[in-house]
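> Kindly produce the complete structure, drawing on both the sequences and the hints.
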Amino acid sequence: MFTRPLKIGYFVLEGLNSFGTVYYFYYFYFYMQQVFGFGNKANLVLAALNGLVYALFSWQAGRFAERAGYFTALRLGFVIMLGAWLTGSQVESAGGQVVVMLVAVVGMCFTWPTLEALVSGGERRAGVQHMVGVYNVVWAATGAVAYFIGGAGLEKGGLKSLFYVPAAIAACQLALTLWLETKARRSAPAGRLAPQAPAEPEQHPHPPAEVNRFLRMSWLANPCAYVAINTLVALMPGIAGRLGLSTMLAGFSGSVWCFARLGAFWLFWVWAGWHYRFRWLFSAYLGLVSSFALILVVPSLAVLVAAQLVFGLAIGLIYYSSLFYSMDASETKGEHGGIHEAAIGLGNFAGPAVGAASLHFLPQHASSGAVAVTLLLLGGLAALGVIWRRNRP
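Using our numbering, you'd call the opening residue of the sequence shown number 15 and step up by one each time.
It is worth saying that the hints were derived from the structure and are not from the lab. Don't take each hint at face value.
[As the list claims (entries may be wrong)] Ranges between beta-carbon positions, derived for each pair:
| # | residue 1 | residue 2 | range |
| --- | --- | --- | --- |
| 1 | P377 | R138 | 53 to 61 Å |
| 2 | L281 | G110 | 40 to 48 Å |
| 3 | Q48 | A320 | 42 to 50 Å |
| 4 | A223 | A396 | 33 to 41 Å |
Ideal placement from N, C-alpha and C gives every residue a C-beta, glycine not left out.
Set out below in structure tokens:
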């Protein structure tokens, strides 16, 4: 189940999953804007609903994967997403599309924690570092490509491609999962597909208290990063409109941070000097807050691109920290992967919810949403410092 040849298949599943989900979820807001006239506040509400459902289901989905089996969880997730997207291609109402989006989120909850566990399971500590690095590079690369070409895909292939492209990908993922499960059963001892730990326990080079401290800090910082990400994605149609960009050009220019994040993932994969170093996590968080605020009030396309470079590098280290510390500190990788993803969901909910509430109660101030979310991020920065100081030996 955890052999390197099988893990190549898991990475293929991961890349397909990233491309399909980014294509759909990142451009869903453009679809709702163009078809149903959704503005910034309405799209922020949608983003908050997305994050809330993801937070509620992903942790339980990770636990389900540990109990029922990783392949069972994957099959369930891909079937749910496939059904949702095929249904969405036929739905003509705004309310129906919201339901389709939320069902697709539930399906996605069963995939990411499971894939994280599959690629890192059965590895010693050095292997975990390597596999998490490959994992991050794969999903970041395919996700960046999906965001980059997604706008062109919607313009050239029609708005229905929002459903047909990810549905076709989900069908391929389901077929590949069935094939990989067959291969894994043949290679597993006595046909068992239970999670496997390394044969001999390995002593961790850092004290347990330090490991837990960095795990807690990363589980705080990563949802804050997704506060910024999900808010930014939901507001990108409005930013594009302010700068006079078409959907295709918005995809080209708005995906810069994805490629910067990919570069960060590669850097922090090959260089491990950031492990258990607070100054790196703290500096990344400062970069996140400053670049996010600049992107939302951006006066020009050049500034938008430059700010995204900093934004992508910052969230790259923050995300990498959360996933690496989650996998480095646990044997129940499916469950810890679910916690990691649930924290992302909380961030995906909190940022857009605060932004939407600000626009609702202060409609006369167009920048109130950006200010409110930035203040929320600053609160996360203060909490990060409190955890560091309170738990220092």
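> Which of the numbered hints above does this structure break?
Hints 3, 4 are the ones this structure does not satisfy, whereas the remaining hints hold.
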